[in-house]
Amino acid sequence: MTAGSVAGASLLPAPCPPGRPGRSPALLALGRLRRDRFAVAGAALVLLMLAAALAAPLLAPHDPTAINPALRLASPGSPGYPLGGDELGRCVLSRLLWGARLSLLVAFLPVLVSLGIGVTAGALAAWAGGLVDEGVMRTLDILLAFPPILLALGIAASLGPGTWNLIASLLVIGVPVFARLTRAAVLGVRARLFIEAAEALGASRTVILGRHVLPNVVAPILVYFTLQCGRTVIAATGLSFLGLGAPPPAPDWGGMLAAGQKVLAIAPHAATVPGLAIFLLTVALNLLGDGLRDALDPTLKE
Amino acid sequence: MRTYILRRVVATLPVLLGVSLVVFSFLKLVPGDPSHALLGPEATPAQYAALRQALGLDEPIHVQYLSWLNRAVRGDLGRSIETREPVLPIIWKSYQNSLLLAAAAFVYSTLVGMLIGIVSATRPRSAFDRCTMLVALFGVSMPAFWLGIMLILLFSVQLGWFPVGGMSSVRGDGGAFDVLRHLTLPAVTLGTLSLAVVARMTRSTMLEVVHQEYVRTARAKGLREWAVIGRHALKNALLPVLTVVALQLGLNLGGAVLTETVFSWPGLGRQIFRSISTRDLPVLQGGTLILALSFVMINLAVDLLYAVIDPRIRYRGGRE
Numbered sequence: 004m005t006a007g008s009v010a011g012a013s014l015l016p017a018p019c020p021p022g023r024p025g026r027s028p029a030l031l032a033l034g035r036l037r038r039d040r041f042a043v044a045g046a047a048l049v050l051l052m053l054a055a056a057l058a059a060p061l062l063a064p065h066d067p068t069a070i071n072p073a074l075r076l077a078s079p080g081s082p083g084y085p086l087g088g089d090e091l092g093r094c095v096l097s098r099l100l101w102g103a104r105l106s107l108l109v110a111f112l113p114v115l116v117s118l119g120i121g122v123t124a125g126a127l128a129a130w131a132g133g134l135v136d137e138g139v140m141r142t143l144d145i146l147l148a149f150p151p152i153l154l155a156l157g158i159a160a161s162l163g164p165g166t167w168n169l170i171a172s173l174l175v176i177g178v179p180v181f182a183r184l185t186r187a188a189v190l191g192v193r194a195r196l197f198i199e200a201a202e203a204l205g206a207s208r209t210v211i212l213g214r215h216v217l218p219n220v221v222a223p224i225l226v227y228f229t230l231q232c233g234r235t236v237i238a239a240t241g242l243s244f245l246g247l248g249a250p251p252p253a254p255d256w257g258g259m260l261a262a263g264q265k266v267l268a269i270a271p272h273a274a275t276v277p278g279l280a281i282f283l284l285t286v287a288l289n290l291l292g293d294g295l296r297d298a299l300d301p302t303l304k305e
Numbered sequence: 051m052r053t054y055i056l057r058r059v060v061a062t063l064p065v066l067l068g069v070s071l072v073v074f075s076f077l078k079l080v081p082g083d084p085s086h087a088l089l090g091p092e093a094t095p096a097q098y099a100a101l102r103q104a105l106g107l108d109e110p111i112h113v114q115y116l117s118w119l120n121r122a123v124r125g126d127l128g129r130s131i132e133t134r135e136p137v138l139p140i141i142w143k144s145y146q147n148s149l150l151l152a153a154a155a156f157v158y159s160t161l162v163g164m165l166i167g168i169v170s171a172t173r174p175r176s177a178f179d180r181c182t183m184l185v186a187l188f189g190v191s192m193p194a195f196w197l198g199i200m201l202i203l204l205f206s207v208q209l210g211w212f213p214v215g216g217m218s219s220v221r222g223d224g225g226a227f228d229v230l231r232h233l234t235l236p237a238v239t240l241g242t243l244s245l246a247v248v249a250r251m252t253r254s255t256m257l258e259v260v261h262q263e264y265v266r267t268a269r270a271k272g273l274r275e276w277a278v279i280g281r282h283a284l285k286n287a288l289l290p291v292l293t294v295v296a297l298q299l300g301l302n303l304g305g306a307v308l309t310e311t312v313f314s315w316p317g318l319g320r321q322i323f324r325s326i327s328t329r330d331l332p333v334l335q336g337g338t339l340i341l342a343l344s345f346v347m348i349n350l351a352v353d354l355l356y357a358v359i360d361p362r363i364r365y366r367g368g369r370e
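Quick mapping for you: the protein sequence lines, in order, are chains A and B.
Going by this note's numbering, the first sequence opens with residue 4, and the numbers climb by one from there.
Going by this note's numbering, the second sequence opens with residue 51, and the numbers climb by one from there.
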């Protein structure tokens with residue numbers, strides 16, 4: 004509340020934020036997003052995890068690979084080891100924090116790169132049409148003919164374990180999603196009247212695509228980006244659970260979970276803690292994605 | 051109708067060819083000499099040379115692909131590096147176990163998912179409905195492998211109700227009850243994602259339907275609530291739900307690698323998992339190929355079935 008509005012409060016009509024002129028659609032969407040408690044909680048959790056990952060060297064009480072035999076399978080709450088020790092006596096909290104770096108990298112980077120490839124391919128297919136369109140769409144059909152994760156698994160297994168191989172293999176999950184989405188959105192926008200107007204004004208195809216078409220497909224892409232990150236967290240940690248992630252001494256959530264399952268009966272926390280982290284990150288991304296969808300496209304809301 | 055089926059089947063052929071090309075190219079992704087990947091590290095130089103010769107690994111790549119495809123079509127998917135047995139029989143044995151698991155997960159997720167969705171839709175915004183939506187959110191956010199481990203922790207380690215895993219043979223020496231005991235937790239684990247998807251879909255379609263005029267008419271006629279929902283509303287909500295449900299079967303079959311690994315279920319997914327650690331490329335290729343083929347075939351069957359149930363589909367498809 005500003006001083007002016009307090010002074011004239013009784014005389015002025017109540018401010019009505021959504022319809023006020025001079026606000027960009029992006030600001031309106033942000034306002035709607037901020038009123039969505041679940042979306043805000045999701046965003047906060049994602050940011051918190053990012054911050055924890057970045058600050059891992061400061062926050063982690065121990066070296067994530069340092070072995071302390073006395074703390075083998077120590078339960079949570081042991082002095083100096085708030086989340087206990089793992090099967091070799093390493094600090095679970097430190098491994099969780101350092102593991103967040105690898106797991107977040109493996110969750111976000113492939114989605115970001117596949118967004119770039121997918122949007123380019125989809126826009127190109129929709130804009131060029133004809134043989135290009137046909138070629139792109141048939142290639143996507145082949146990628147989509149594999150059950151989710153299976154193709155990434157086959158590629159990662161062929162390339163051999165390792166963080167970068169894992170990231171590369173995960174591209175095949177995201178590219179078809181973004182390419183199809185962009186193609187459909189571009190085709191939808193292109194049929195609209197304002198594109199015809201731009202054409203009539205003599206704008207070149209590149210200008211129309213870059214200035215008029217793509218800004219209109221940003222909203223759905225942003226929503227899918229968030230939701231796709233959630234799916235990729237599960238896929239990436241799943242593949243590293245199968246042994247395709249970073250090689251053993253390095254901390255990563257999927258690997259921690261796999262090691263934890265072997266000692267489940269004696270030290271249940273070793274599997275519970277990293278799994279909970281994966282679960283919370285995915286829930287947070289899904290909440291944020293759902294919130295973004297509602298905020299960016301109010302017509303979709305039930 | 052016949053032309054529609056024919057058209058759909060023919061359209062599947064290039065996809066199958068593409069799938070085989072992708073699976074073949076796994077060999078090219080392996081760093082180093084493919085003959086080492088196929089024979090493992092312990093063969094003699096003469097064996098490597100013989101394999102290169104036999105597979106034509108020195109030929110141009112398209113010749114290699116065609117001869118690989120030619121063998122694959124005739125059921126020769128090579129030999130396992132680990133056991134030296136032909137790949138196809140190994141895969142076939144475990145594939146049946148995977149089918150059983152996928153079918154069990156399918157039945158569980160469909161029945162429970164639809165039931166939850168229907169009850170939620172009849173009481174929108176009730177406590178039950180809110181719970182359902184929360185469970186649906188958790189269901190899509192829960193990594194199946196972690197859910198499986200937590201179920202083992204609760205029901206096997208703590209309560210001792212179910213075995214930890216280690217199903218040896220489905221044709222079981224322990225009888226049907228033993229199979230069921232081993233099947234329950236993996237099926238629940240595998241089915242939870244589908245359950246969430248089915249429950250959400252059922253709820254939203256039912257919500258659309260129950261507000262329509264004919265449902266109000268049915269109520270006005272004095273029909274009992276279960277008759278209104280079950281006989282009138284459900285019938286019209288069923289079609290979109292059915293597609294989603296049917297697609298889950300293929301997804302379950304393909305998504306089984308993680309669940310089967312967690313529970314050491316003797317299925318194709320676990321076979322693929324083993325092939326990762328033993329670097330058993332022929333088994334990896336064969337397993338991936340069979341799962342992808344099943345996925346394509348199930349989805350094709352769903353499409354065709356859908357066209358049989360809903361004539362609008364085949365008209366739209368036929369006009370193209």
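If you are wondering where the hints come from, they were derived from the structure by calculation, not from laboratory data.
Treat the hints with care, as some may be off.
What follows is a set of in silico ranges between Cβ atoms, one per label pair, in the way DEER data are often shown [unchecked claim]: (1) B:T267 <-> A:P28: 53 to 61 Å; (2) A:P28 <-> B:L230: 51 to 59 Å; (3) B:K271 <-> A:R214: 40 to 48 Å; (4) A:R214 <-> B:P174: 52 to 60 Å; (5) B:L230 <-> A:L279: 25 to 33 Å; (6) B:L288 <-> A:L283: 53 to 61 Å; (7) B:P174 <-> A:L196: 33 to 41 Å.
From the three backbone atoms N, C-alpha and C, an ideal C-beta is built for every residue, glycine too.
Exercise. Hints broken by the structure, by number, lowest first?
Worked result: Result: hints 1, 3, 4 and 6 break, sorted rising.
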